[in-house]
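Take the sequences, apply the hints, and build the full model.
Residues per chain are reported as follows:
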Amino acid sequence: MELILETLGLTESAQLLSLSAPGWGANLLRGLANSLKIAFGAFGFGLLIGLFGAYGKLYGGPVLRDLLAIYTTVIRAVPELVLILILYYVGTDLINQLSAALGYGRVEISGIVAGIWVLGIVQGAYSIEVLRGAIQAVPPGQIEAARAFGMPPMMTMWRVTIPAMMSFATPGLANLWLIATKDTALLAIVGFSELTLETRQAASSTRAYFTFFLAAGGLYLMVTLCSGVVFGWIEKWARRGQPSLREGRG
Amino acid sequence: MIALKSLLQPHRIVMMALFAALVVWCAITLRWDWIPKYAPLALEGLWTTIWIMAVTTVLGFILAVPLGLAQAIGPWYLSIPARSFCTIIRGTPLLLQIWLLYYGLGSLFPQFPWIRSSELWPYLRQAWPYAVLALTLSYAGYEGEVMRGAFSGVAKGQLEAAKSFGMRRSTMFRRIWLPQAIRNVLPTLGGETILQLKATPLVATITVIDIYSVSSRVRADTFIVYEPLLLLAIVYMVIAGLITLAFKRFEVQVPH
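Taken in order, these protein sequences are the chains called A and B. Going by UniProt numbering, the first residue of the first sequence is number 1, and it counts up by one from there. Going by UniProt numbering, the first residue of the second sequence is number 1, and it counts up by one from there.
Hints were generated in silico from the structure; no laboratory data involved. Do not rely on the hints blindly, as some may be mistaken.
Unchecked claim - Derived Cβ-Cβ restraints for the label pairs, each shown as a range:
no., chain 1, residue 1, chain 2, residue 2, range
1, A, Val229, B, Thr207, 33 to 41 Å
2, B, Thr188, A, Val229, 19 to 27 Å
3, A, Pro243, B, Ser164, 35 to 43 Å
4, B, Leu120, A, Ile109, 44 to 52 Å
5, A, Ile109, B, Ser84, 39 to 47 Å
6, A, Ile109, B, Gly241, 30 to 38 Å
7, A, Leu98, B, Gln9, 33 to 41 Å
8, B, Arg249, A, Thr73, 15 to 23 Å
9, A, Leu29, B, Gly241, 54 to 62 Å
This one's a predicted model, so the numbers in the text were calculated from it and none came from an experiment. Glycine residues also receive a C-beta, built at the ideal position from the N, C-alpha and C atoms.
So, in structure tokens, the structure goes:
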């Protein structure tokens with residue numbers, strides 16, 4: 001192992017990236033863990049907004065529909081970086097005013113919670129559109145059949161609409177998940193210690209910019225490629241029972 | 001006018017009145033006295049944002065055509081590198097790519113005396129070439145994937161017809177294949193261009209003065225938080241709206 005590193009001239013890089021004290025590998029991995037936590041939380045929060053938003057857009061009253069249209073249009077037209085700043089300040093202001101009204105002092109908000117709140121609102125706007133399209137693609141007869149059996153609306157959603165729309169929604173949701181993992185990098189600008197910020201700190205204190213940025217790029221790429229595999233499984237599972245195009249042709 | 005009629009429904013009139021009241025309230029109670037002082041700088045920043053977006057979109061698209069072509073019909077020694085390039089660009093955050101190029105190359109170049117004495121050095125010392133390079137590569141990565149689909153989506157019969165007319169391969173590509181492919185992905189291209197606009201504020205992190213960095217400067221100088229950000233959001237929405245309109249007009253002109 002050491003011989004291979006020696007011949008490739010990578011001994012120094014390996015030392016810099018090692019997990020124990022003089023190396024910065026542990027910092028990078030901690031940053032990756034933070035990034036993934038924020039991405040998971042934001043993706044989940046976004047899905048929640050997306051599900052209710054899609055229902056509102058499809059079945060809601062005219063006022064609700066217009067409000068949701070404004071939300072999705074504005075969020076998708078403004079750069080994520082600007083939204084992150086606005087939502088971050090609005091969020092901290094609101095919480096501080098709330099705690100002042102309740103008689104407490106200023107509250108310190110953890111980076112992870114703020115990141116989830118900020119990115120979740122951004123993700124929500126995109127997932128409303130993905131889920132709306134997927135719900136519309138479900139044959140209406142299936143939902144009508146569920147109603148005719150006397151299922152209450154929530155049960156129809158859980159038992160019929162969501163399972164039936166999964167196969168249409170998975171590709172869009174996979175894209176959203178990838179956007180979520182990459183958007184966590186933007187939180188570096190607000191100062192959360194996720195992967196990109198940890199990388200920059202490691203790089204600027206050791207002056208080995210290429211080593212660390214390439215290593216971080218490798219970590220992000222690994223997350224992306226693994227997610228691709230996992231979403232492939234999910235899509236296969238969501239399509240179970242549906243005739244596949246390839247088999248149909250043969 | 002159908003559009004006007006749909007705007008004049010009662011609930012929309014109420015919402016517009018509320019919105020107008022909100023705008024008036026913002027104009028009166030929020031602080032806008034910093035605008036005259038920063039207006040020249042803001043215009044300069046706006047110009048930087050627009051030209052960086054335009055230049056990187058055009059260069060990126062030019063780069064994306066061979067990338068898409070290599071993936072669609074290229075032999076393996078061209079298609080594999082093209083596919084890996086697109087995967088790497090799409091799999092890593094743009095901020096990381098910008099910082100890799102700026103800090104990485106920027107720290108590497110000064111070590112070579114022949115680069116320092118070359119005529120390119122005055123440019124390489126500045127930040128904008130790295131910003132342009134990073135954004136161009138990023139656009140090319142996303143667009144190469146789109147163009148791959150576009151090239152393979154062109155109906156085979158059209159290409160065979162062109163061939164049977166005795167067109168040379170280059171003529172066929174220029175007159176039939178590329179125009180057909182572009183026509184098919186015009187809506188996607190519009191969306192990607194707006195994504196590119198939304199990527200431009202990242203160049204502020206490597207000291208390029210664009211419209212975003214002007215707003216952060218106002219925030220740092222005057223401690224006014226919301227007003228510059230609100231104005232900034234509106235500026236981006238207006239530019240995004242203009243891009244959408246331009247692509248709509250373009251799509252109408254293209255025959256179907």
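Structure-based check of each hint:
1. A:Val229 with B:Thr207: 33 to 41 Å: At 39 Å between Cβs, range holds.
2. B:Thr188 with A:Val229: 19 to 27 Å: Given about 26 Å between the Cβ atoms, the range holds.
3. A:Pro243 with B:Ser164: 35 to 43 Å: holds (37 Å)
4. B:Leu120 with A:Ile109: 44 to 52 Å: holds (46 Å)
5. A:Ile109 with B:Ser84: 39 to 47 Å: holds (40 Å)
6. A:Ile109 with B:Gly241: 30 to 38 Å: holds (34 Å)
7. A:Leu98 with B:Gln9: 33 to 41 Å: Hint holds: Cβ distance 36 Å, inside 33 to 41 Å.
8. B:Arg249 with A:Thr73: 15 to 23 Å: Given a distance of about 20 Å, which is inside 15 to 23 Å, the answer is holds.
9. A:Leu29 with B:Gly241: 54 to 62 Å: violated (43 Å)
Checked against the numbered hints listed earlier, the structure breaks hint 9 alone; every other hint is satisfied.
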